[in-house]
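Q: Next come the chains, spelled out residue by residue.
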Amino acid sequence: MARLLNRDGTMILDDPWVDIPVVTPDAELPEQGYILSLENTVSIRELAHELLDRARGIALHFPAFTDGRAYSQARELRQRGYAGEIRALGDVLADQLLAMRRCGFSSFALVDAHTLRTAQAALRAFVHAAQPAVDNRGLQTRRLGEPTASDTALLL
Amino acid sequence: MYQYDALDQQLVDSRARQFADQTRRYRAGELTEDQFRPLRLQNGLYEQRFAPMLRVAIPYGTLSSVQLRALATISERHDKGYGHFTTRQNIQFNWPALDSVPLILEELATVQMHAIQTSGNCIRNTTTDVYAGVAPDEFEDPRPWCELIRQWSTLHPEFAHLPRKFKIAVSAAKQDRAATYVHDIGLQIHHVDGATRFRVIVGGGLGRTPILGSIIREALEPEHLRSYLEAVLRVYNLLGRRDNKYKARIKILLKETGIEKFTQLVEDEYATLRGGELTVSPAEIAHVSAYFQAPDYASKAQPPTTDSSPPAVPADWLRHNVKAHRVSGWTSVVVSLKPRNEPPGDATALQMRVVAELADRYGFGEIRVSHDQNLVLPDVPEHQLGAVHNALQAVGLATPNNGLASDMICCPGLDFCSLANAGSIGVARDIQALVEDEDLEQAVGDIRLNMSGCMNGCGHHSVGHIGILGVDKKGEEWYQLTLGGNSKNDPRLGDRLGAALSRNDVAPAVSTLLRTYLQLREPQEQFLQTYARVGLTPFKEAVYG
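Just so you know, the sequences run in chain order A and B.
Position 73 of the first sequence, counted from 1, bears residue number 676 in this note's numbering, the numbering being contiguous throughout.
Position 92 of the second sequence, counted from 1, bears residue number 962 in this note's numbering, the numbering being contiguous throughout.
FYI, nobody ran anything at the bench for these hints, they're computed from the structure.
Treat each hint with caution, since some may be false.
[What the hints assert, rightly or not] Here are a few chain A residues that sit away from chain B, every Cβ distance over 10 Å (derived from the structure):
(1) A686
(2) M703
(3) Q723
[Unchecked claim] With a straight-line cut-off of 20 Å between C-alpha atoms, the simulated SDA-like cross-links for lysine to any residue are:
(4) K1117(B) to T669(A)
(5) K1358(B) to G1296(B)
(6) K1131(B) to T669(A)
(7) K1035(B) to T669(A)
Every residue gets a Cβ at the ideal spot worked out from N, C-alpha and C, and that includes glycine.
So that you can see chain A by itself, here it is in the shape it has in the complex (with noise of 0.2 Å):
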């Protein structure tokens, strides 16, 4: 079973997901809300905003960590204003982690290989970005001078 981490890197100790059921966007939807778990074919921009608005938390997926599909997904759904947690679920490695959180992932299933420790130093590997993403909206004018605070956001 692969060890659930924070976008910081700490352990999840109690799901929040756990009892919540799991639905793909075809299925019924239940009254009491769900989890929405979305192929890396799915197209973000054609999901209807009353599936994402009931959602309480959204499994997006990497097949194989080679297979980046599902970073483009998760920022279409930043983009789409959907605030609640992304997660990663699949083949997610340790030096994958810190892109995924820049795309917009808050939470990662990480594979069992790799340790704990590990992952947190690969969310700790760079302090800045060179462009922005959705942890950093700021930085386009890092150029002009130095960073101001919420520039250096990437370090939680």
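Chain A is already provided as a structure; the job is to place chain B on it using the hints.
A: Frame of chain A, contents of chain B only:
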């Protein structure tokens, strides 16, 4: 040229440390071979036929003399004392030990260099016109835009695991010297009523399915460049094929989707990004442009005060290797890396140091790497050409063959590359020897001969006026010739001449093609013009009888 700020430096330092740790974890068995491969590739490290190969990024082909000297030192300390310059304006070291790579990255970081994204399925080094900033036919300097693209694409979190590699080239002159029609994205800067606009060409590429790109935007406003690029990349990342690596480039997506629908997908995505945080502000482009201000030419242009006349400039070198400059009294000099009997694009540590020294002494400490695998000194005063020639000649860098038949673009081929089907360096050598011995070279004049050792097309054979492709037939090396390719204005893919030739027949066939051209050409007619007029048949008959 651009200078790193504290953030750039920190990023490259962090990357070097990160890769050292990844290499350690791989050695310790914490990362599998499959997990380590993309990590090492995105740091430019390949496993080659005899040893690893490290490809170092030279952003848009611009080097400082300090950087070139550092490359020379690295080649001596960690390799066999030479490097190989590539068509994508990078440099490759063919013999480093795996364990010395983190050390090399550390040394590179001290001179603002790295190997980030020089390989792997990510956005590669952005390339441009080798004469950027000094070309007389330029609309404007493309380098500030290249630098903005470099920054945007460096460790972009969304695009590190694309379906396949992704290459961007930028041209900003009347003549396209950046091969924009054979890149995943080609950007042509042009002016509309005095305002900067980008023509966006998508889906070109060489390799086993060579295709010319299609224009999907004629006049993109520059402030939206990054938003538009991000939209194209996102569409590609989401929809590009991942089931077959030979059908994974954006050119196949464009072809299978159709240009209209593809353009619509990009425009829809762009609509969600336009005006957002990727927008380039006037202050930002002004800030980056300030790094590329023209140097103080007046300060170095004074003729020497000595009475002795300057050394003579050989006429053939002047004709072929000295290029017009936008500032009167100045020239750009092509340093030929295509001497006879040497692998095309190779330079020794000594040669690199001499070029660096000349850049400091006569220019402004800047060197360019050209798409056709030569070096260029962008700024040389006319009255110093003789001195520069003599210094270059002393180390074998003054071959007067720029743009001629022996100035071949050539991949490393079977001698180094694990992908190659056939040798290319040896064939290039045979061709060079034959065209020189037969005095064909000067008679023929400008012509582009490109050679690749396999269908991946690193030697750009599809866009050579004469292209040569190495193929494997039942364990033997054979060579397929093409005619009429061109990567510049009016781009065109070459036409297949006929059945593949055996290795020994290649150089004589090229010689026959050149002689046929000389017989058929009208006065002043270039090879491509003659070919367009007479077609394939006379050439085919001459070679195959």
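Q: Run the structure past the numbered hints and jot down the numbers of the failing ones, going up.
A: Per hint list: 2, 5 and 6 violated.
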